[in-house]
Structure formats: C-alpha cells, structure tokens
Amino acid sequence: MTLFFRRAIEDILKNRFVNIVTIITISLSILIVSTFILFFINTSEIMNVWKKGVRVMAYLKPGIGTSKLADIKQSLKVMPGVFEVRFISKQEALQTLKAQMKRQSSLFESLSKNPLPDAFEIRILAPENNWEKIESLAVQIESLDQIEEVEYGQKWLGRIIHFFNLFRLAGYALCGIFFIATVFIVANTIRLVIYSRSEEVEIMRLVGATDKFIKIPFYIQSIIQGALGAFIGLAVLFVSFLVLNASVKQGYFSSLFQIRFIPPAVLLSVIGCSMLIGWLGCYLSLKQYLKI
Amino acid sequence: MIDGDEKSSIIRMFHVHHNYGAKRALIDITLDIAKNEYVFITGPSGAGKTTLLKLFYLAESVSEGQILIDGINLARIPHKRIPFLRRKFGIIFQDYKLIPSRTAFDNVALVLEAAGKKRRLIQKKVKSMLRLVGMEDRYNTLTPSLSGGEQQRVAVARAVVGDPKIILADEPTGSLDADSAGVIMDLLRGVHIRGATVIIATHDKDLIRKTGGRVLFLKQGRLEGSAFVEKQHDDAIF
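Protein chains in written order, with this note's numbering: chain A, 2 to 293; chain B, -9 to 228.
Chain A with its partners taken away, still in its complex shape (with noise of 0.2 Å):
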C-alpha cells in the first residue's frame, strides 16, 4: 500500500497544475455546498424556536361556570399536537392588556365593564411539513360548543416554513448538481493524467502489472483530491464564518439567535462525500478510458 500511495503522491506532483485545478474546483464545490448546508442548520434552528411558540387563542362563549371551563381545558389537552393549555380570565387579559397600554390609559377609565372575552392560551408543536394541520386544528378547537372564536396569529410562519421547504428542495437540487459537475471535472483529471501515463500504462502491461496494480495509484489519487479539496473548502467557510459571527455578535440579531458552525458529524460527512466524489469521477474514467 506504501508503494500506491508514494505513486500517487508522486503523481500528483508531477501532474501538479492539472491536480491544482481540481483541488480547487472540489473546494469550490464542497465551500457553496457547506454554505448551504450551514445555511440550512441555523435556519432550522430557528424556525424550531418558532415553531415551538405556535400559540393559538380559544376565546370562550360569555357565562361559562368554573366547572365547565375544567372540562373544556381537558377536552383541549387531549387534542393532537398540543402540549400546553393555559386558561386565561377576562380580568387577567384586562390586566395585561393595561400593562402593555400604559400611555393610552385614558381609554380603560371610561369602560364600565370589563369587554375582553375568557380564553384559553393553547400552545402547540408546528408539525415539520405541514401547516395545514395546525389550520384543522383550529378548526376543531372552533367546534366545542363553549368556544366563540379561534384565532392564531402567526399564519406568516407557516408561509415561511413552505418558502423554507422550497428553498431546502432547491439546495438539494443544487447540491446534486454540484456533485455531479464535480464528478465529472474528476473524471477529466483523471483522464487527462491517464493520456500522459498512457505510455507508462502499457508498459506496466507489459510486464505483467494487474488492472488493480495500475488502477489503485489512480484512485489513491483522486481520493486525496477529494479529501484536500473538502479540508481547503470547509477551511474557507470556517474562516468566512467566524468573521460572520464576530459582526453578529455586534450587532442586533445576537439577541435573537446564535450562530453555529456545521457539526463534527456533518463535517466528516462532507468529508467522505468529497472523497466519495474523487473516488466516482477516478472510477468513470477508468472504466471508459483504462480498457484493456
């Protein structure tokens, strides 16, 4: 394995411009794939935040006794996807209502009576690819006879979840063809490396090599063209992330959310892909233009 290995470095060496370019090339892909990727794992994480908030209100018909109002909240508990059932009174909402208006408080001195409504504040998980259900459930919290009115305000996410979907098929549209561009541009290298080694390959023939003696020193080669050129890629994004996290943490959107790079798991895994990717493009060449 010694002597594929010192082949192969040695050939890489010797076909050094044609190699440069490569690595380059993979590196350019694995940094728009990575970047997509990083994209993707800190959109998700806030659109979890998000989606962890989904609240929607269930204002009560007016008259409802206190014995009642216990079954109406477990009737609510048990429906699908909701994980939290908070009863709010008339005069807490009132309260809070004065709280969060204290310049216009004017307006609550000439009420007579109290007009905001009991409630109950529902929280639920937002389903991962469908936002029709939390729609259905509305609808089915609006059925019980003591409910008067359903509301949930944060429709926009669900628009946004199926904008971010979109956007997510598009990065595995896009990642897909970057893999096979890259592929392809691998294969070329190899090809290019095998013609000038064509000489070199027919002696190896000659005196007896196998397929598999010739064959392996390529592979080792593109290999190490995948690995070098996922390291340089993900370097450059590590680089470009740090610089981007270092002005988010000046300014407004630190308190929002935290920025994190791509985890270890997920890094090696772009790793083996480039591999992967080297290894596929040495593989096509060999078998179109290394026939014996």
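The reader is advised that the hints may include incorrect statements.
27 Å max Cα-Cα, derived DSS-like pairs, lysine-lysine [to be verified]:
#1 B:221 <-> B:195
#2 A:216 <-> B:107
#3 A:216 <-> B:44
#4 A:213 <-> B:107
#5 A:99 <-> A:62
#6 A:114 <-> A:91
#7 A:288 <-> A:216
#8 B:70 <-> A:213
#9 B:87 <-> A:216
#10 B:117 <-> B:107
#11 A:78 <-> A:134
#12 A:213 <-> B:44
#13 B:115 <-> A:213
#14 A:213 <-> B:108
#15 B:155 <-> B:87
#16 A:74 <-> A:134
#17 B:117 <-> A:15
#18 B:70 <-> B:87
#19 B:78 <-> B:115
#20 B:155 <-> A:213
#21 A:288 <-> B:87
Hints in this document: simulated from the structure, not taken from any laboratory.
Here the structure of chain A is known, so what remains is to put chain B in place on it, guided by the hints.
Using the frame of chain A, we list chain B on its own:
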C-alpha cells in the same frame, strides 16, 4: 511439423496465422520450442519476427490457429490471467520501452513490484541486477538521460530480474557497440544456464554465429526452416 512433446515444450504453435487488416503478417506457423532452449528467429525486415514474439505475450492475438505457452492455451486464457502469463516472460523490446519519468532503478523494480514482491527483496535484487549490467552508478538516473546502450542494459536488467521462464529479446544488441553487446549476450547466456528459455529475434548473423543455438528462418511471414548453429562456427546456411 511438431518435433517436440508436450512435457518438454514450453511454446507450441499450431498452424498460426496473423493478419494486420488485409496484410498477412504470419502464415501457417507451426513450431515447438523446448524448455531451456536457446532459439534465434531470423529473417529479413518485415518477415514477421517481432509479430511472432508479440503473439507469445498476447500483445497481438492470433487470427487463426493456436498457441500453448507452458501448457496454457492462449485462445482460452481469461482476461484476468493475462498479467500472470506475461510474468512468465522477460521481454527485451527493440525500442527498450522504459518509463521516461522513472529512474533506472524504478524501471527495473517495476517487474517485481507488479508481482507483489517485498520492498526489501526488490531493493536487493534490483541493485544486484543493475550491478551485473554495469549500471551501479546510474541507479537514480532518469532513463532519458541514459545513452542508448545504457538504456538497453536497463531493459535487459528489467527482463531478467523476475527470473522469468522465457526471455524474449527483439534485436537486443541492435543499437549497441561490440562490448555492450557482449555484456548483454553474456547475461542472456547466464539466464539460459540457470534454466530459462531464450528466444532472440535478430537479423544479426554474427550474433548468431558467436552465440550458437537453434535458428528459425522467417520469410514473408512463413517459417522457411530450422537449423542448429554451433557457437563460433561459420555455417554454410549463411
């Protein structure tokens, strides 16, 4: 006409024809070469000497007929076994076929590396072989920097380093001075003494006279005859 038996023969050819497109390069060759024989294939340029050698190591395939090498029928050999067949041969090519981007040492070592030999053994054998051909001070020289004679010596070292059963040499002394040619022929004689079969394609009559052995005559692709030539004898056939 087959004049040997299966057990003592290392190469057997039965009515072999070879065509390059419409051109007939070899016509109805039937011959038998015994183990440890020293054979010259001679004839004018274009007679088919090189083509005949190429058929043995499957650089060319027969158009018609059959060849047995050490009991292996070349028509039935699986693709994956071809490298193992080629390891039975040590080939000295007319144009040397050395890898220009590698040193003399690496070129000779290639045969042993391909055969999966241990690094330590490779170091030992290659150095000793290069010493034997007088190239001990040129181990690390890239082959294009070597003279024609030196390249030929490296090619010979590469051919014999793997202790092959059969040596095929295509004009092994063609571009060499008398001294260098003597070194090469002595080396081939040594390999023959150790048990290898040596087949040399040449049109150099002096070389045949000085060495001696069985001589096969090719003319326009046909095997015209076979004769034994004693060493240092002026034979009437020339």
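These are the hints, each one checked on the structure:
no., hint, result
1, B:221 <-> B:195, "12 Å, holds"
2, A:216 <-> B:107, "18 Å, holds"
3, A:216 <-> B:44, "24 Å, holds"
4, A:213 <-> B:107, "15 Å, holds"
5, A:99 <-> A:62, "22 Å, holds"
6, A:114 <-> A:91, "11 Å, holds"
7, A:288 <-> A:216, "10 Å, holds"
8, B:70 <-> A:213, "10 Å, holds"
9, B:87 <-> A:216, "20 Å, holds"
10, B:117 <-> B:107, "15 Å, holds"
11, A:78 <-> A:134, "16 Å, holds"
12, A:213 <-> B:44, "23 Å, holds"
13, B:115 <-> A:213, "24 Å, holds"
14, A:213 <-> B:108, "17 Å, holds"
15, B:155 <-> B:87, "20 Å, holds"
16, A:74 <-> A:134, "20 Å, holds"
17, B:117 <-> A:15, "25 Å, holds"
18, B:70 <-> B:87, "23 Å, holds"
19, B:78 <-> B:115, "18 Å, holds"
20, B:155 <-> A:213, "24 Å, holds"
21, A:288 <-> B:87, "25 Å, holds"
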